[in-house]
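There are 2 protein chains.
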Amino acid sequence: MARNTQVSADLNAPPVTQLLARFIATHPGYLAGGWSADVDHEAHRTFMNWLGCAVGAARHDAATAALAAVAMLQPAAQASVLGRSEKVDMASAALVNGISSHTFDFDDTHLKTIIHPAGPVASALLALAEHNKVSGRELIDALVLGIDVSCRVGNAMYPDHYDRGWHITGSTGTLGAAAACARLLKLDTEKTAMALGIAASQPVGMREQFGTMTKPYHPGAAARAGLMSALLASQGFTASPKALEAARGMMQTVSTKNDWNEITEELGQRFEISFNSYKPFACGIVIHPSIDACAQLRAQGVKPEDVQSIELRVHSLVLELTGKKEPQDGLQAKFSVYHGCAAGLTFGRAGEEEFSDAIVSRPDMIDLRRKVVASVDNSIEEASADVAAVLHDGRRVHVFVEHAIGSLQKPMTDAMLEAKFHGLTDQVLGLDKSNALIQACWNVGDASNLRGLTALACADC
Amino acid sequence: MARNTQVSADLNAPPVTQLLARFIATHPGYLAGGWSADVDHEAHRTFMNWLGCAVGAARHDAATAALAAVAMLQPAAQASVLGRSEKVDMASAALVNGISSHTFDFDDTHLKTIIHPAGPVASALLALAEHNKVSGRELIDALVLGIDVSCRVGNAMYPDHYDRGWHITGSTGTLGAAAACARLLKLDTEKTAMALGIAASQPVGMREQFGTMTKPYHPGAAARAGLMSALLASQGFTASPKALEAARGMMQTVSTKNDWNEITEELGQRFEISFNSYKPFACGIVIHPSIDACAQLRAQGVKPEDVQSIELRVHSLVLELTGKKEPQDGLQAKFSVYHGCAAGLTFGRAGEEEFSDAIVSRPDMIDLRRKVVASVDNSIEEASADVAAVLHDGRRVHVFVEHAIGSLQKPMTDAMLEAKFHGLTDQVLGLDKSNALIQACWNVGDASNLRGLTALACADC
Chain Z
131 MARNTQVSAD LNAPPVTQLL ARFIATHPGY LAGGWSADVD HEAHRTFMNW LGCAVGAARH
191 DAATAALAAV AMLQPAAQAS VLGRSEKVDM ASAALVNGIS SHTFDFDDTH LKTIIHPAGP
251 VASALLALAE HNKVSGRELI DALVLGIDVS CRVGNAMYPD HYDRGWHITG STGTLGAAAA
311 CARLLKLDTE KTAMALGIAA SQPVGMREQF GTMTKPYHPG AAARAGLMSA LLASQGFTAS
371 PKALEAARGM MQTVSTKNDW NEITEELGQR FEISFNSYKP FACGIVIHPS IDACAQLRAQ
431 GVKPEDVQSI ELRVHSLVLE LTGKKEPQDG LQAKFSVYHG CAAGLTFGRA GEEEFSDAIV
491 SRPDMIDLRR KVVASVDNSI EEASADVAAV LHDGRRVHVF VEHAIGSLQK PMTDAMLEAK
551 FHGLTDQVLG LDKSNALIQA CWNVGDASNL RGLTALACAD C
Chain G
131 MARNTQVSAD LNAPPVTQLL ARFIATHPGY LAGGWSADVD HEAHRTFMNW LGCAVGAARH
191 DAATAALAAV AMLQPAAQAS VLGRSEKVDM ASAALVNGIS SHTFDFDDTH LKTIIHPAGP
251 VASALLALAE HNKVSGRELI DALVLGIDVS CRVGNAMYPD HYDRGWHITG STGTLGAAAA
311 CARLLKLDTE KTAMALGIAA SQPVGMREQF GTMTKPYHPG AAARAGLMSA LLASQGFTAS
371 PKALEAARGM MQTVSTKNDW NEITEELGQR FEISFNSYKP FACGIVIHPS IDACAQLRAQ
431 GVKPEDVQSI ELRVHSLVLE LTGKKEPQDG LQAKFSVYHG CAAGLTFGRA GEEEFSDAIV
491 SRPDMIDLRR KVVASVDNSI EEASADVAAV LHDGRRVHVF VEHAIGSLQK PMTDAMLEAK
551 FHGLTDQVLG LDKSNALIQA CWNVGDASNL RGLTALACAD C
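Going down the list, the protein sequences come from chains Z and G. Heads up, the first sequence is in our numbering, so the first residue is 131 and it goes up one at a time. Heads up, the second sequence is in our numbering, so the first residue is 131 and it goes up one at a time.
Everything labelled a hint here was simulated from the structure, so no lab data went into it. Among the hints, a few may not be true.
To be verified - A few chain Z residues that don't get close to chain G, going by computed Cβ distances all over 12 Å:
(1) ASP191
(2) GLU216
(3) ARG267
(4) GLU338
(5) ALA363
(6) SER364
(7) GLN382
(8) GLU392
(9) ALA577
(10) CYS588
To be verified - Subject to a maximum C-alpha distance of 20 Å in a straight line, what follows is the list of computed EDC-like cross-link-like pairs (lysine to aspartate or glutamate):
(11) G/LYS387 / Z/ASP293
(12) G/LYS387 / Z/ASP290
(13) G/LYS372 / Z/GLU483
(14) Z/LYS387 / G/ASP544
Even for Gly, the Cβ is constructed at its ideal location relative to N, Cα and C.
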């Protein structure tokens with residue numbers, strides 16, 4: 131009991147639990163001038179991208195297994211499981227939708243911290259909002275604020291926290307989900323601080339789980355824990371009011387780097403959701419510039435059958451992480467820049483379908499992958515790619531991509547997000563419902579409740 | 131992505147996830163010779179002590195608030211909330227019973243790691259066993275094995291893990307609960323490894339929460355997460371088979387000290403539940419020798435009204451941690467060795483009732499506390515106390531306690547555990563049901579199912 135060997139405790143941390151709680155409880159919503167129209171539009175884009183990912187993976191084994199485990203609790207039918215027909219209690223809906231939304235690893239990315247912020251926050255919010263008949267406006271407001279909390283805490287701890295093994299999406303996501311749900315429940319500052327405090331004891335996720343179902347489990351479990359933290363706080367459950375910043379509070383326990391300014395600076399003026407990005411391609415981000423370049427070759431009229439070879443020059447990291455030349459299935463293809471090039475040139479896109487086992491094993495794809503000659507050029511940035519197609523007729527068509535589509539410098543347009551959404555949801559819901567759901571997402575800020583939207587996300591209904 | 135700053139990764143850790151999974155899935159139960167009668171009796175003592183604590187605190191604000199939050203999910207009536215009449219789904223029962231069992235901080239202690247092992251493990255087990263109509267024998271077997279997992283992982287990481295801020299009861303408890311529930315569900319080695327793996331992503335609890343409801347929330351949340359991890363694994367959910375030991379697995383992420391031998395040595399031969407201890411007094415363990423000494427004075431005929439002064443000599447740590455001379459309420463009295471002495475001399479015991487506001491503010495107790503003269507003597511061990519009562523007639527009665535009752539050296543007898551149980555449960559259940567429940571606990575290993583036992587733990591039924 132006398133031993134105290136904590137080396138690096140910062141006893142002068144600012145009261146960030148309290149500051150964030152006051153921000154969440156009192157910051158004006160969008161209609162009262164809380165943030166710009168651009169920020170609010172980004173929140174709609176974030177919501178739509180998250181929803182498409184969740185619907186798209188709803189029949190995946192991970193969602194099916196999670197739902198079977200939840201069914202053993204005989205849950206009440208409070209909230210929708212997206213892309214399916216089941217309803218479960220709102221905490222379980224938060225869990226399962228959070229899992230689905232991250233299963234394809236196709237959800238949003240806050241690039242500064244590589245947090246996938248929507249999974250924990252939106253999954254908790256939609257379940258709570260649907261059951262409590264809250265308006266879409268309140269949901270979007272809470273989404274902006276909740277994502278601000280998880281990303282700011284992430285900014286403060288990154289990279290140390292991530293380097294030591296935490297899957298930062300789940301570990302900060304519990305806080306974001308708790309904050310968002312506290313806002314939706316209209317908790318006052320004190321109770322919001324309690325919600326954050328209860329959530330602070332429940333960081334979720336280790337990086338060792340990457341490649342297993344437990345990876346997408348992390349945002350799901352974070353959503354569930356955050357939602358429950360807010361419900362507990364609403365009922366008078368208590369926690370430390372310094373749970374985030376204290377010497378033995380969450381942040382100092384899970385990270386040696388804690389830049390408190392990242393939490394306090396421009397709080398309520400700069401919104402981290404503004405820096406959210408969306409993947410156009412269903413694979414690791416280092417492959418994106420190469421896919422983008424090959425898709426541009428296709429747009430310029432280059433056809434696979436005309437190609438003798440594709441000369442690819444990239445940063446060494448790209449081949450280190452994704453140098454698999456002969457992928458045997460869809461999962462391996464996600465780590466193959468060669469397949470990315472073949473898909474980009476053949477289809478002009480590389481969604482979940484282009485990483486299916488069926489397409490990966492097609493003879494023309496195997497053939498095209500073998501024509502890609504990759505070389506390292508470290509004068510090219512990680513975010514860039516230099517690609518030249520050498521054609522049978524001797525012509526050489528060259529494309530240099532400085533920033534791939536989907537980066538902050540070259541964001542996906544709204545139309546591209548819609549196309550991505552269709553690629554995920556059409557097979558699950560059909561074209562008409564997908565179209566209607568896209569409209570419901572763009573208009574969610576004006577919806578009086580979420581029942582109409584979740585009904586559209588129901589498969590076989 | 132290229133940055134890799136993890137300094138101290140041990141890439142040669144033994145495959146402890148797999149070893150523990152095989153142990154849990156294949157070690158013979160008690161009836162097949164898996165462990166000694168002494169170990170099995172200790173499991174019954176652990177179970178009874180845990181149950182008494184949970185029933186005793188069932189009406190506390192923490193349990194009431196947690197149950198109100200759970201009620202918002204409209205749970206199915208699958209499993210009992212101990213000491214109350216409500217039934218909730220088994221995961222929620224694990225949560226609420228886990229909270230109640232630690233609310234008084236009066237539950238069991240594995241002294242080497244200061245883990246309170248029963249809270250997470252027994253709370254998950256009883257809920258699952260009650261709903262699944264499993265036998266008491268299977269429950270006790272799973273309790274022995276589950277506690278072995280959490281305490282061995284605790285042994286490996288302690289003290290670094292605790293020093294950096296983790297409440298080790300919750301952080302290792304998720305694993306113990308998952309292991310125990312996997313055993314109860316008869317999962318094979320592979321699925322048990324998955325259950326441990328899913329649990330490994332969910333360590334719960336920061337020490338900053340001590341003094342708030344979130345402290346007892348930790349074993350409750352660990353129980354819930356462990357139970358759900360086992361249910362998920364039973365449905366085919368996957369995790370890393372190296373989730374505990376890998377460089378970015380749980381243990382290396384949350385602790386720089388990892389002595390793998392603590393997990394592997396004498397696995398299946400030495401059982402950590404043998405080293406479990408039970409508090410006779412409802413306060414911090416450093417006060418226990420002083421209370422024990424004063425209770426011995428009382429047993430020798432010393433009456434409070436005869437006392438002129440009490441001379442107390444203790445290690446400096448005792449006064450540093452519990453030197454509050456004039457406590458104003460029950461919570462403060464738990465940090466007052468002076469009140470401990472007054473209670474020991476007046477009542478011969480110091481249970482939850484003797485730390486109530488009513489008793490703490492009684493004039494005779496205030497008077498007696500003021501008669502205690504404490505002095506530091508560092509030749510006396512932390513675990514000891516030297517007490518002398520100086521009486522009005524000039525006599526001096528002296529007691530030296532080397533090891534207090536409740537220590538490993540001087541364990542509470544079964545009769546003492548029964549008396550402690552009555553002190554916790556009589557007010558909730560009445561004397562007759564408490565007596566019946568005590569018998570049900572001693573006989574739980576022979577029970578065909580747990581319905582009878584949980585019915586006895588129902589208040590107002």
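Status of the hints after comparison with the structure:
1. For Z/ASP191, the non-interface assignment is contradicted: its Cβ lies about 7 Å from the closest Cβ of chain G, within the 12 Å cut-off.
2. With a least CB separation of 14 Å from chain G, Z/GLU216 remains clear of the 12 Å interface cut-off, as annotated.
3. Residue-level check passed: Z/ARG267 sits 23 Å from the nearest beta carbon of chain G, beyond 12 Å.
4. For Z/GLU338, the shortest C-beta to C-beta distance to chain G comes to about 4 Å, within the 12 Å cut-off, and the non-interface label is violated.
5. A Cβ of chain G approaches the Cβ of Z/ALA363 within 12 Å, the least distance being about 9 Å, so the stated non-interface status is violated.
6. Some Cβ of chain G comes within 12 Å of the Cβ of Z/SER364; the nearest lies about 7 Å off, and the non-interface call is violated.
7. A beta-carbon of chain G is positioned within 12 Å of the beta-carbon of Z/GLN382; the least distance is around 6 Å.
8. Non-interface status of Z/GLU392 relative to chain G is upheld: no Cβ of that chain comes within 12 Å, the nearest being about 18 Å off.
9. With a closest Cβ-Cβ approach of about 23 Å to chain G, Z/ALA577 is found to remain outside the 12 Å limit, as its non-interface label requires.
10. Remark: the non-interface label on Z/CYS588 is consistent with the geometry, its nearest Cβ contact in chain G lying 20 Å away (cut-off 12 Å).
11. Using a Cα cut-off of 20 Å, the hinted pair G/LYS387 and Z/ASP293 holds, with the two alpha carbons roughly 17 Å apart.
12. In summary, the hint linking G/LYS387 to Z/ASP290 is supported, as the alpha carbons are separated by about 18 Å, within the 20 Å threshold.
13. The hinted pair formed by G/LYS372 and Z/GLU483 fails the criterion: a straight-line CA distance of about 31 Å is larger than 20 Å.
14. Distance check on the hinted pair: Z/LYS387 and G/ASP544 sit about 50 Å apart at the alpha-carbon level, beyond 20 Å; violated.
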